[in-house]
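There are 2 protein chains.
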Amino acid sequence: MSERHLLIVAHGSRRQASNDEVRELGERVRAMRDPAIHRVDVAFLELAEPSIPDGLARCAAQGAREIIVFPYFLAAGTHVATDIPEALATFSEIHPDIQVRLASHLGASASLAKTILDIASKAG
Amino acid sequence: MSERHLLIVAHGSRRQASNDEVRELGERVRAMRDPAIHRVDVAFLELAEPSIPDGLARCAAQGAREIIVFPYFLAAGTHVATDIPEALATFSEIHPDIQVRLASHLGASASLAKTILDIASKAG
Chain A
1 MSERHLLIVA HGSRRQASND EVRELGERVR AMRDPAIHRV DVAFLELAEP
51 SIPDGLARCA AQGAREIIVF PYFLAAGTHV ATDIPEALAT FSEIHPDIQV
101 RLASHLGASA SLAKTILDIA SKAG
Chain B
1 MSERHLLIVA HGSRRQASND EVRELGERVR AMRDPAIHRV DVAFLELAEP
51 SIPDGLARCA AQGAREIIVF PYFLAAGTHV ATDIPEALAT FSEIHPDIQV
101 RLASHLGASA SLAKTILDIA SKAG
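The listed protein sequences derive, respectively, from chains A and B.
For the first sequence, position 53 matches number 53 in the working numbering, and the numbering has no gaps at all.
For the second sequence, position 6 matches number 6 in the working numbering, and the numbering has no gaps at all.
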């Protein structure tokens, strides 16, 4: 079975605490030890490290055969529609042997409505 | 049993499509018809309507006895830490009979890691 990696891509913020929140989220996802995902990493579109190209290169260096890129964005703006796909296309030109799949961004995911009801029920 | 309403609070954007994404998310949550939640509404901190005070007032006008406010934010910045709680405190002064509960913001919710793995598995 091929090595499948998950790369969580966030916008990045001048506020370091926000970037750290994303890194902690990556750790929480990692800690769930999904048997279908061999590694979980995070990358940032801007303002924080690693960048998306660096994050993808790290996956490749660590033996990924398949990378699922998850845009940790609420809205389908230019970043989701253009910037992230462009970064993936550039990577795929260099690494045609690694399959890169772009997941739906968080705000559009079918699971999100249920997640919100879960959160609401915990507050109630 | 008291009428429990859920108010999803988003930042709001100059980009109308982003605000519409939030409204559509509200519809998806509504469509799940959670028996513990009587109404689902959305409100915006800025740049879109309704505002948080208007959203809360609408819940009150529609008979809410309890309002769960869910910050649809990825990071715990000033909006989550200060602006939203202040808006809720102002409302509670006017409506001390209505219980207002602030849920954890999306980025901090315990359910989010599992949601991300669900999204990733659908992309794989």
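Don't read these hints as lab results, they were simulated from the structure.
The reader is advised that the hints may include incorrect statements.
Any copy will do: because identical chains look the same in the list, a pair fits if it lies in one copy or spans two.
[Claimed, not checked] Straight-line alpha carbon distances no greater than 16 Å define the calculated EDC-like cross-link-like pairs of lysine to aspartate or glutamate that follow:
hint, residue 1, residue 2
1, K122, E46
2, K114, E66
3, K114, D20
4, K114, E93
5, K114, E3
6, K122, E86
7, K122, E49
8, K122, E24
9, K114, E46
10, K114, E24
11, K114, D54
12, K122, D34
13, K114, D34
14, K122, D54
15, K122, E27
16, K122, E93
17, K122, E21
18, K122, D20
19, K114, E27
20, K122, E66
How the hints compare with the structure:
no., hint, verdict
1, K122 - E46, "neither (33 Å within a copy, 27 Å between copies)"
2, K114 - E66, "neither (28 Å within a copy, 20 Å between copies)"
3, K114 - D20, "neither (26 Å within a copy, 19 Å between copies)"
4, K114 - E93, "neither (37 Å within a copy, 32 Å between copies)"
5, K114 - E3, "neither (29 Å within a copy, 20 Å between copies)"
6, K122 - E86, "neither (39 Å within a copy, 22 Å between copies)"
7, K122 - E49, "neither (33 Å within a copy, 27 Å between copies)"
8, K122 - E24, "neither (21 Å within a copy, 23 Å between copies)"
9, K114 - E46, "neither (30 Å within a copy, 25 Å between copies)"
10, K114 - E24, "between (22 Å within a copy, 14 Å between copies)"
11, K114 - D54, "neither (33 Å within a copy, 25 Å between copies)"
12, K122 - D34, "between (24 Å within a copy, 13 Å between copies)"
13, K114 - D34, "between (20 Å within a copy, 9 Å between copies)"
14, K122 - D54, "neither (37 Å within a copy, 25 Å between copies)"
15, K122 - E27, "neither (22 Å within a copy, 21 Å between copies)"
16, K122 - E93, "neither (45 Å within a copy, 24 Å between copies)"
17, K122 - E21, "neither (21 Å within a copy, 24 Å between copies)"
18, K122 - D20, "neither (24 Å within a copy, 27 Å between copies)"
19, K114 - E27, "between (22 Å within a copy, 12 Å between copies)"
20, K122 - E66, "between (36 Å within a copy, 14 Å between copies)"
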